[in-house]
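**Q** Residue numbers (full-length UniProt numbering), protein chains in the order written: chain A, 1 to 562; chain B, 1 to 562.
Warning: the hint list may mix true and false statements.
Since the list gives no way to pick one copy over another, a pair counts as held whenever it fits inside one copy or between any two copies.
As the list claims (entries may be wrong) - Below 30 Å or equal to it, Euclidean Cα-Cα: the simulated BS3-like pairs (lysine-lysine) are:
hint, residue 1, residue 2
1, 531, 400
2, 531, 293
3, 506, 227
4, 531, 450
5, 212, 227
6, 333, 450
7, 227, 16
8, 400, 293
9, 450, 227
10, 4, 295
11, 450, 506
12, 450, 400
13, 393, 450
14, 333, 235
15, 393, 212
16, 506, 295
17, 230, 333
The hints are simulated quantities; they were obtained by calculation from the structure and are not laboratory data.
There are 2 protein chains.
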Amino acid sequence: MSLKAKALYTFQSENKEEISIQENEELVIFDENSVDGWLQGENSRGEKGLFPASYVEIIRPRSNSNLTDYSLSPAGSPGNESSYFPSAPNTPFHMRQSFEDDEDDDWDDWDDSSTVVEDEDPPRGVGANGHAHQSPYGDNPNVHYRPHKPRMERQDSVSSSRKGSMVGRNLNRFSSFVRSGVEAFVLGDVPMMAKIAESYTIEMGPWGPQWKESPQPFSCSIEDPTKQTKFKGIKTYISYRVTPSHTSRPVYRRYKHFDWLYNRLLHKFTVISVPHLPEKQATGRFEEDFIEKRKRRLILWMDHMTSHPVLSQYEGFEHFLMCADDKQWKLGKRRAEKDEMVGAHFMLTFQIPSEHQDLQDVEERVDSFKAFAKKMDDSVLQLTHVASELVRKHLGGFRKEFQRLGNAFQSISHAFTLDPPYCSDALNTAISHTGRTYENIGEMFAEQPKYDLFHMLDKLSLYQGLLSNFPDIIHLQKGAFAKVKESQRMCDEGKMEQDEADGVRKRCRTVGFALQAEMSHFHRRREVDFKEMMQAYLQQQIAFYQRVGQQLERTLHMYDNL
Amino acid sequence: MSLKAKALYTFQSENKEEISIQENEELVIFDENSVDGWLQGENSRGEKGLFPASYVEIIRPRSNSNLTDYSLSPAGSPGNESSYFPSAPNTPFHMRQSFEDDEDDDWDDWDDSSTVVEDEDPPRGVGANGHAHQSPYGDNPNVHYRPHKPRMERQDSVSSSRKGSMVGRNLNRFSSFVRSGVEAFVLGDVPMMAKIAESYTIEMGPWGPQWKESPQPFSCSIEDPTKQTKFKGIKTYISYRVTPSHTSRPVYRRYKHFDWLYNRLLHKFTVISVPHLPEKQATGRFEEDFIEKRKRRLILWMDHMTSHPVLSQYEGFEHFLMCADDKQWKLGKRRAEKDEMVGAHFMLTFQIPSEHQDLQDVEERVDSFKAFAKKMDDSVLQLTHVASELVRKHLGGFRKEFQRLGNAFQSISHAFTLDPPYCSDALNTAISHTGRTYENIGEMFAEQPKYDLFHMLDKLSLYQGLLSNFPDIIHLQKGAFAKVKESQRMCDEGKMEQDEADGVRKRCRTVGFALQAEMSHFHRRREVDFKEMMQAYLQQQIAFYQRVGQQLERTLHMYDNL
């Protein structure tokens, strides 16, 4: 019996150990235990290799047992395809484990279980729905009430295959965990530097860790996209006036400057969801609609940059916002590109609170966020589709229907003029005017998306970008936690000094705090943003229906004195 | 070169001399001169025979001459397929004829020309658009300004084929002209009766002849369709409470009673456009929607019956409205069925004004009405299609779009509940409520046709029926006028006494007055009806958009104190 999994997200392989997977694709899993956040398996095209565990959910067939199948598999050794599969034995003993156990040092199963679909409320004594499985997303709002997993009993005997190994580097040297530097950071390979100019503080807020607000919050306007030429008109580009509120001095930037900044952000900021820039476009870049759309989306992007306590304080961003001199621009650009506090080193800039956090709690908080983020991603996509389709309907169907109605009224009015002795000019004028009113209403429908749906789609697009970052960010945390688990096991086996294992755990705490601060920031922003989005939409909708009503009322009055 | 014509209306052949033609079908015409209002030709299925001239327009290729091709063909002999075709010679002489000629006795061409497309404003010196032709309907609002046709010059020489004939009965004994009795009436075959109980007066109104208002105008309500059974429940039917305003005593009628009355009306009333009953339906007769629709349409039908000065005074109608006794019902029914003043005899009941009416003027007024009626028929059909499609959209597309939007909002709200520490219940509730509001708005869209479009479609359906009667009614008038023309020619040829010809003309005047009165009545009703229809539609639309706006406003307030 092979274990199956479903891909939650599309993943593009970036080197030969990895395989690409498509959202919703069914996969065969060789070993349900992920290694460093990676699973081995086979995709539907027969390709075999690694893919991130956090991108998939394992489809676990329901047990025939009249108890839950909380059977836990031990961590298999990497690459061991014939490793232990859970055969769902009755494990009543496990069920007696207290859910309140301090499972700080019980990390065996956290990594894989996070991607496994558990029976939240398993049917007791019902064996009929054998192969039904359940998504951790969407269908069950109680996913965050998932009970703690019982302690793994047979840990030692089965994990013996790992005996003799080291807390090693991940096999996949191209995973985002490795590339981001988080692995190096957690393993203590990044030396503390003598002097760190940057520092970002994480503090405990009412709902957990959060970024400390920037001491100098500011906003920044983007206005007046203007076509510019250079090389005597050979090259054309659009320049935006960018004015930060704290200087009030405008600078002029092109999309390529934004793009440069964006790539700096990606390079530097681990664990932070960097807002995506509005998409590039090969053709039509100088068309009014496109320029307008890009401007709107750059404004939203900028709002997110300035609102982020970490991103907004980035030196390269400051340079982007303030530098008005060509020579200085190049110098600042080079400085930003030589920034050493990127990736792994960026992790050194965090000041974290001293509060103890149970790593198991953090794990669950992250899982909860993961479920939320997946569902939000789905629903943002759903709303995007609906809103895009509505735009299409406004421009097409709705407009056409009302224009057809308008035409038909005008046609009636025209017919009425054909037999002059009997025709009432006032009535014909009123009917003809009604026709024009409906043609107008058709146009109003076609215009309306500019006032409501476009704004909504802009916001949704920003959130699609932000949300798409989280699987990778969560993957980093999963990787870090796996190292804690591994080092603790090695310590237990006497293969590692407790000091070293404590160091790994401590650094992992930093990763956990940073991730939670980022989660918290995301939540606070989305609350503000979605409130604003909904209000703006409703206000525009109300204004629209009022305008339509007023048009019709004026038209109705034409019939008053006939 | 064969002459072509296009069918303006669909005509169903009713006996073997006739052929069926479809609206827009192209026909070959053997002789462009109609005989008794009938043309001979071939349809696109190769069937040869007669069809009503007033149902078609002859497609006359434009002349290459730099003058108009007002060449007029003489009346050919019936059935003479090889008769004279106009070859569009230069006829400058014709153009010099005064348009103000008294053409009272120049009837040669009126019958065919009425169905011939003339160049209203012929291109002078432009021969390029050789085969372009123009519809008398729709495109040219000046159709009623059509200049008088020049007098036929070669009448005597070419119409010699008719010499020796009598003012004969029409060849086609099944034409509506014949069947309606109008032929018999015009030819004086209907003897004046000693005592005529009924009398309908036509008076001169501001815009021409009109029916004298009924001395006792009344209205009649139709309410409370109720399912009844008889034969111990074996037969089920719907009974309507019918209450005339002048008696206030309700009677109970079934659709079959309406149908009986309707058939009496068709049998009796020549020259009057009897409103069609709402369509019969084989299945679903007891479904609520159908009963409701039939009721609405019976009410409109009844309004038209009671508003008509002639129909409303019909004895059979009175019987229908008042008789509450079974025995009396049967007696009255038999009496109505034995009514002698039907068809040809009904024409004897008219009291017409003594004013002189130029028959040529009447002819033009009828042509003008014919063009109007065709265009109104087209535009009523157009509006019917548009409104039906709108109903479909309201029930389908519109509802679906708004419900999808509502679902997407709810899905967003649901996602927001998944990460409890960070979730704002008030915002989630507001977004979820917004979702329900849009689902509601979807339902409101689906409900709305009941309040506006259905009423519009009911009215339009009534008018489709009324308008579909006019081609036949106009056909009667055309036939009558042809008899005047023929008798005058015979008189000129010494084949008929002037007295007799004068008799034909006098009786034709009656037909003309009646038709004009009916045209006038139609115009007055349509003005009232369409004003009411437009007002009702606009009022309901305004109320609808206001309700939508109010729903959205209430929803918006939920975001106020977040």
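**Q** Now look at each hint and say whether the structure bears it out.
**A** Comparing the hints with the structure gives:
1. 531 <-> 400: between (33 Å within a copy, 25 Å between copies)
2. 531 <-> 293: within (21 Å within a copy, 45 Å between copies)
3. 506 <-> 227: The answer is neither: 52 Å in one copy and 82 Å across copies each exceed 30 Å.
4. 531 <-> 450: Answer is within; shortest intra-copy Cα gap is 19 Å, inter-copy 36 Å.
5. 212 <-> 227: So residue 212 and residue 227 fail the 30 Å test inside a copy (40 Å) and across (75 Å) alike.
6. 333 <-> 450: neither (37 Å within a copy, 66 Å between copies)
7. 227 <-> 16: Neither way: residue 227 and residue 16 sit 44 Å apart in one copy and 77 Å across, limit 30 Å.
8. 400 <-> 293: Answer is both; intra-copy 25 Å and inter-copy 28 Å each pass.
9. 450 <-> 227: So residue 450 and residue 227 pass the 30 Å test inside one copy only (22 Å; across, 53 Å).
10. 4 <-> 295: Cα proximity of residue 4 and residue 295: none, with 45 Å in one copy and 62 Å across.
11. 450 <-> 506: neither (51 Å within a copy, 69 Å between copies)
12. 450 <-> 400: both (18 Å within a copy, 22 Å between copies)
13. 393 <-> 450: both (13 Å within a copy, 23 Å between copies)
14. 333 <-> 235: Within one copy only: 22 Å inside a chain, 92 Å across chains, cut-off 30 Å.
15. 393 <-> 212: neither (45 Å within a copy, 53 Å between copies)
16. 506 <-> 295: neither (43 Å within a copy, 81 Å between copies)
17. 230 <-> 333: Close inside one copy (21 Å), not across copies (95 Å); limit 30 Å.
Checked against the numbered hints given earlier, this structure breaks hints 3, 5, 6, 7, 10, 11, 15 and 16; the rest are met.
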